[in-house]
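J.: Below are the chains, spelled out letter by letter.
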Amino acid sequence: MGQKLLMKGNEVIAEAAIRAGCRHYFGYPITPQTELMHYMAKKLPKIGGVFMQAESEVAAINMVYGAASTGKRVMTSSSSPGISLKQEGISYISGAQLPAVIVNIMRGGPGLGGIQPSQSDYFQATKGGGHGDYHMVVLAPASVQELYDMTVEAFNIADRYRIMTMILGDGVLGQMMEVVNFRDEEKNETFNKSWAANGHENKREHNMITSIHLDPAVLEQWNIGFQNKYKLISENEQRYELYNCEDAEIILVAYGSVARICKGVIKEAAEQGIKLGLIRPITLFPFPVKGFEKVMDIPKAFLTVEMSAGQMVEDVRLTVNGRKPVYFTGRMGGMIPTVNNIMTKVMEIKENNK
Amino acid sequence: MAIVYKAPNALCDVPMHYCPGCTHGIAHRLVAEAIDELEIEGKTIGVSPVGCAYNNYLYFNCDMIQAAHGRAPAVATGVKRCLPENVVFTYQGDGDLAAIGTAEIVHAATRGENITVIFINNTIYGMTSGQMAPTTLVGQVTTTTPYGRDAKYSGYPIRVSEMLATLEGPAYIERVSMHDVKNIKKAKAAVKKAFKVQMAGKGFSLVEILSTCPTNWGLNPVESLKRIENDMIPHYPLGVFVGADLEV
Numbered sequence: 021m022g023q024k025l026l027m028k029g030n031e032v033i034a035e036a037a038i039r040a041g042c043r044h045y046f047g048y049p050i051t052p053q054t055e056l057m058h059y060m061a062k063k064l065p066k067i068g069g070v071f072m073q074a075e076s077e078v079a080a081i082n083m084v085y086g087a088a089s090t091g092k093r094v095m096t097s098s099s100s101p102g103i104s105l106k107q108e109g110i111s112y113i114s115g116a117q118l119p120a121v122i123v124n125i126m127r128g129g130p131g132l133g134g135i136q137p138s139q140s141d142y143f144q145a146t147k148g149g150g151h152g153d154y155h156m157v158v159l160a161p162a163s164v165q166e167l168y169d170m171t172v173e174a175f176n177i178a179d180r181y182r183i184m185t186m187i188l189g190d191g192v193l194g195q196m197m198e199v200v201n202f203r204d205e206e207k208n209e210t211f212n213k214s215w216a217a218n219g220h221e222n223k224r225e226h227n228m229i230t231s232i233h234l235d236p237a238v239l240e241q242w243n244i245g246f247q248n249k250y251k252l253i254s255e256n257e258q259r260y261e262l263y264n265c266e267d268a269e270i271i272l273v274a275y276g277s278v279a280r281i282c283k284g285v286i287k288e289a290a291e292q293g294i295k296l297g298l299i300r301p302i303t304l305f306p307f308p309v310k311g312f313e314k315v316m317d318i319p320k321a322f323l324t325v326e327m328s329a330g331q332m333v334e335d336v337r338l339t340v341n342g343r344k345p346v347y348f349t350g351r352m353g354g355m356i357p358t359v360n361n362i363m364t365k366v367m368e369i370k371e372n373n374k
Numbered sequence: 003m004a005i006v007y008k009a010p011n012a013l014c015d016v017p018m019h020y021c022p023g024c025t026h027g028i029a030h031r032l033v034a035e036a037i038d039e040l041e042i043e044g045k046t047i048g049v050s051p052v053g054c055a056y057n058n059y060l061y062f063n064c065d066m067i068q069a070a071h072g073r074a075p076a077v078a079t080g081v082k083r084c085l086p087e088n089v090v091f092t093y094q095g096d097g098d099l100a101a102i103g104t105a106e107i108v109h110a111a112t113r114g115e116n117i118t119v120i121f122i123n124n125t126i127y128g129m130t131s132g133q134m135a136p137t138t139l140v141g142q143v144t145t146t147t148p149y150g151r152d153a154k155y156s157g158y159p160i161r162v163s164e165m166l167a168t169l170e171g172p173a174y175i176e177r178v179s180m181h182d183v184k185n186i187k188k189a190k191a192a193v194k195k196a197f198k199v200q201m202a203g204k205g206f207s208l209v210e211i212l213s214t215c216p217t218n219w220g221l222n223p224v225e226s227l228k229r230i231e232n233d234m235i236p237h238y239p240l241g242v243f244v245g246a247d248l249e250v
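For the protein sequence lines, the chains are A and B, in the order given.
Residue numbers 21 to 374, in this note's numbering, belong to the letters of the first sequence in order.
Residue numbers 3 to 250, in this note's numbering, belong to the letters of the second sequence in order.
Keep in mind that the hints were calculated from the coordinates and are not lab data.
Restraint-style ranges between C-beta atoms, simulated for each label pair: (1) VAL143(B) x GLU225(A): 39 to 49 Å; (2) GLU87(B) x GLU225(A): 15 to 25 Å; (3) MET21(A) x LEU248(B): 50 to 60 Å; (4) LYS147(A) x ILE235(B): 45 to 55 Å; (5) GLN247(A) x VAL6(B): 48 to 58 Å; (6) ILE235(B) x ASN208(A): 47 to 57 Å; (7) LEU248(B) x ILE232(A): 31 to 41 Å; (8) VAL6(B) x GLN73(A): 50 to 60 Å; (9) THR146(B) x ILE232(A): 21 to 31 Å.
Over 12 Å on every C-beta distance to chain B, these chain A residues come out as not near it, computed from the model: (10) THR210; (11) GLU291; (12) GLY293; (13) VAL340; (14) MET352.
Using N, Cα and C, we set each Cβ at its ideal position, and we do this for glycine too.
Work out the full structure: start from the sequences and follow the hints.
T.: Printed below as a string of structure tokens:
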């Protein structure tokens, strides 16, 4: 049966986390994700959970580190400047291989930047962000329904691989209201967490959660283990949407709310007799190279569209690897690319690839 | 033959890496004895710091979590909020707790977070080779105050116990010392009381332990103990700052 509700993106993430079995949330206020923590503050204490407003983002992510160490499902959320402060903890959580979910509702930067939507944290989210050779799994929803679905999925992925999983949205997604279809029950997988630091009850050896290994040979082995895990995740978890790619002259590449604008561009172009397609990466790490391979022979060129100076486009170029021209257009600082902005670039590419 | 003295069960049977004359080993033993006597090893989760005690997760037999520099009170908060029935402690030095971790310790204390903090104050950074700590005494020579700490240039040492005692959250705060047997026994009683305060659900407890660092002080072990008594205690007076009347 389910339940159909009109809800704001940020609140849907919170509700989805609760449905996924998350009862512990640690956060710090920042626009434009604050409704998420308001929702948690209201709901969690009523269902035996813990909502905690930390003294800083640094403290919040370290509370997540502690909570995740006990094996409980735990979440934090923030927006760009706050996510920068959380990088220390993200690196430790990654080094200690703890499952946890983090939400970044991106706003324009650098520095304090602005509070309007942006995608300029792509590098930070997908390439590590903190120190050391690590990655998070990064999911990029494009609708409020997907905020729900992917938040639930984020908890399963986190537990499956003992990895930090990030929901990377932007201010548009966080603030928009859309209809969401809630399921009656979630398929929350259960996992063996025999590694957790939750009191050994004199029944097992003591568990140790740590990210420090002073012997370089040992630390290298840990790193090799991480890299093998990322390879496995890349094999298993690449997600993408191919839209209108058959016979496309140019294939647009965009994620999140920009992908929805691109669908508007495709419609507009079709009216002018121009055939465009779209690859929408849904996992940003692992980057969905499989999706690109499926359509590589089709277009004359790829056009990446982002609300940044061009960050994901680097992964697109690595994937395409010179086989087709890769172009970029985008807006920055909280400005949203319009259908006209993108169409202008499409016409320019058409001219260049006659 | 009757056994009159043995290693606590809550300490692992492994060699410790601490320098000769360093009192970390004694402090570890006191924590472990308290855990044994209260029979809480199976439900205790400890949080290791950054600094000389960074790998005491290898030394304590309970479940352990290694935290980032200064963040142990936040990590312990996350653990305790998930497992309120368990016993959670942090073990932190003065660089960790009183410099980089000032925000975390103040807010854990003011929340009355029901955790126990073992705070080792030896007025110096040990692990990174003897730099000035927030607790370094005025005039003290360190590798970053090679001419002695000049208060006009580098400020004054922080009295953590007194500062935290101004808050309403803490249930029990005491400063003890490692400089002789009598005081070590008092320290043991304080550590045990701190755990009992937590087990009784009374709230935040902290024991500040005045400790030695012979290596970075440039003193031998005996001189180091004397330095606690002669130089440190006058600036860091021993005693109970919160919870003197608290019965647990």
